[in-house]
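Each chain is listed here by its residues.
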Amino acid sequence: MSNINGKVYAMNAITPMRPWKTWILRAIFFILGNVKPLQSDLINLSFIQFARWVIIPRNSFPFVGAPQQRELLEYDYLLFFSNFNGTWNQYIDAFSAVLSKGLDLVWKWSEKFPGSTPVTIFKEYITRVQFDTDYYYTAYPHATANDVKNAHIVQQTFDALNRNAATMSPDQFREAYLQFVLSVQTHLGATGEAPIVF
Amino acid sequence: MPNQNGSVYGLTLLCPIINDHRASPSHDLQIRAYLATLPTGPDSPFAIAPHTHLARLVVMDDVVFVGAPAREEHLKSKYLVFEANIDCPPHAIGTTGLDTYLAGLAMAAPQQLDAIWSHCTGYPGTANLQAFLHYMKACQIETTFFFAATNDKSVTQTLKALQTQRAVADFIATHQGKDPAELQRDFLAFSQKLIAAPTPKPAVPAPQRPMQTGGRNE
Chain L
1 MSNINGKVYA MNAITPMRPW KTWILRAIFF ILGNVKPLQS DLINLSFIQF
51 ARWVIIPRNS FPFVGAPQQR ELLEYDYLLF FSNFNGTWNQ YIDAFSAVLS
101 KGLDLVWKWS EKFPGSTPVT IFKEYITRVQ FDTDYYYTAY PHATANDVKN
151 AHIVQQTFDA LNRNAATMSP DQFREAYLQF VLSVQTHLGA TGEAPIVF
Chain Y
1 MPNQNGSVYG LTLLCPIIND HRASPSHDLQ IRAYLATLPT GPDSPFAIAP
51 HTHLARLVVM DDVVFVGAPA REEHLKSKYL VFEANIDCPP HAIGTTGLDT
101 YLAGLAMAAP QQLDAIWSHC TGYPGTANLQ AFLHYMKACQ IETTFFFAAT
151 NDKSVTQTLK ALQTQRAVAD FIATHQGKDP AELQRDFLAF SQKLIAAPTP
201 KPAVPAPQRP MQTGGRNE
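Just so you know, the protein sequences line up as chains L and Y, in that order. Sequence positions in the first sequence follow the working numbering and run 1 to 198. Sequence positions in the second sequence follow the working numbering and run 1 to 218.
Check each hint, because a few of them may be wrong.
Stretch-level coverage of chain L by chain Y, calculated; a stretch enters the list once three of its residues show a Cβ under 8 Å from a Cβ in chain Y [as the list claims (entries may be wrong)]: (1) 77-88; (2) 92-99; (3) 169-183.
Rather than coming from a laboratory, the hints here were simulated on the basis of the structure. These numbers were taken from a predicted model, which means no experiment stands behind them. Glycine is no exception: its CB is placed at the ideal position from the N, C-alpha and C atoms.
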């Protein structure tokens, strides 16, 4: 079991939903996917690299033929996979504090969901529906979501300076270089091993 | 299409694990035992095959009973969940991009893939590539909502950008207060060297910087 690789934590959760409620959730996700400003809290949390919600209708579990038996279920299931930086507690606390309305909107259709506040009950629920990861890979284990965003800003700014650097006079270059340093100075955090936290 | 976010594709597979009560250890346990030994660094099959940002393999034993009054129910099979966030540029959206990725995986790490998926019902093996692709796609589940913090950069671009970020930080630190002509000369040499440098391999930890000591907060 390995939920952690470098600075990333893999979370898996599955919750049952009554089939008629999944259509409401699908509509919510459709709106969320097409109205980008509604994703701003998710983006601003800034420690989620990738996350996805997957609704599996009760009669749509993959069936590859005998000897597999078809599933006979009464509930649809909502799967949640997240790749986030930091600890489980930090993640759930931040979700509860910042995204409680959004989370409630997504999970209130799941059976016995207690709401994302107060956080203690919410954590109990997540613990019950979470299952562990057996193998976890990341191409950049020592970089957080913010490291990646910052690195691309540095790359873009560096490329812009480099395009004209050879044709400038030394004084022009010095001015351009100072502007470059001002632009990138807040995006230069070092990557490396994650700090030990509890 | 919910599987796609910008140039990143969210792949979700649920592959039924062979349910054979005579097998000892059981097939799900054999998968878990193998995954525990599978490298996660540069020797990982997902590092050898290109285009994987993050991926996970999970044995899902059953659905969860959340307590009364909800009804308790169980799956007839255990499932191997494969969740991957992969490069799939807009011009390759759809099955072409997915086929290319899965075929690349099958060709780069056939032994590892077969060692894992041979415990799944109906798995044909990587030797028959068309059957392999057909099987994997038969096990695919459509993502309902997919979020990617950075959705317009490939794995290669990200690895290169992280390399640039680190090199630029070092360059700035060692070139404070330099004469303009010397600064420009050094920058041009630095940028040439950086651009020519090979892209770092995936899943390789960044070298540790020596600890700076003596700061005002110590």
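Consistency of the hints with the structure:
1. For a cut-off of 8 Å, the count of residues in the region 77-88 of chain L with a CB near a CB of chain Y stands at 4, and the three-residue condition holds.
2. With 0 residues bearing a CB less than 8 Å from a CB of chain Y, the region 92-99 of chain L misses the requirement of three and the coverage assertion fails.
3. With a cut-off of 8 Å between beta carbons, the region 169-183 of chain L has 6 residues touching chain Y; three or more are needed, and the interface restraint holds.
Of the numbered hints given earlier, the model fails hint 2 alone.
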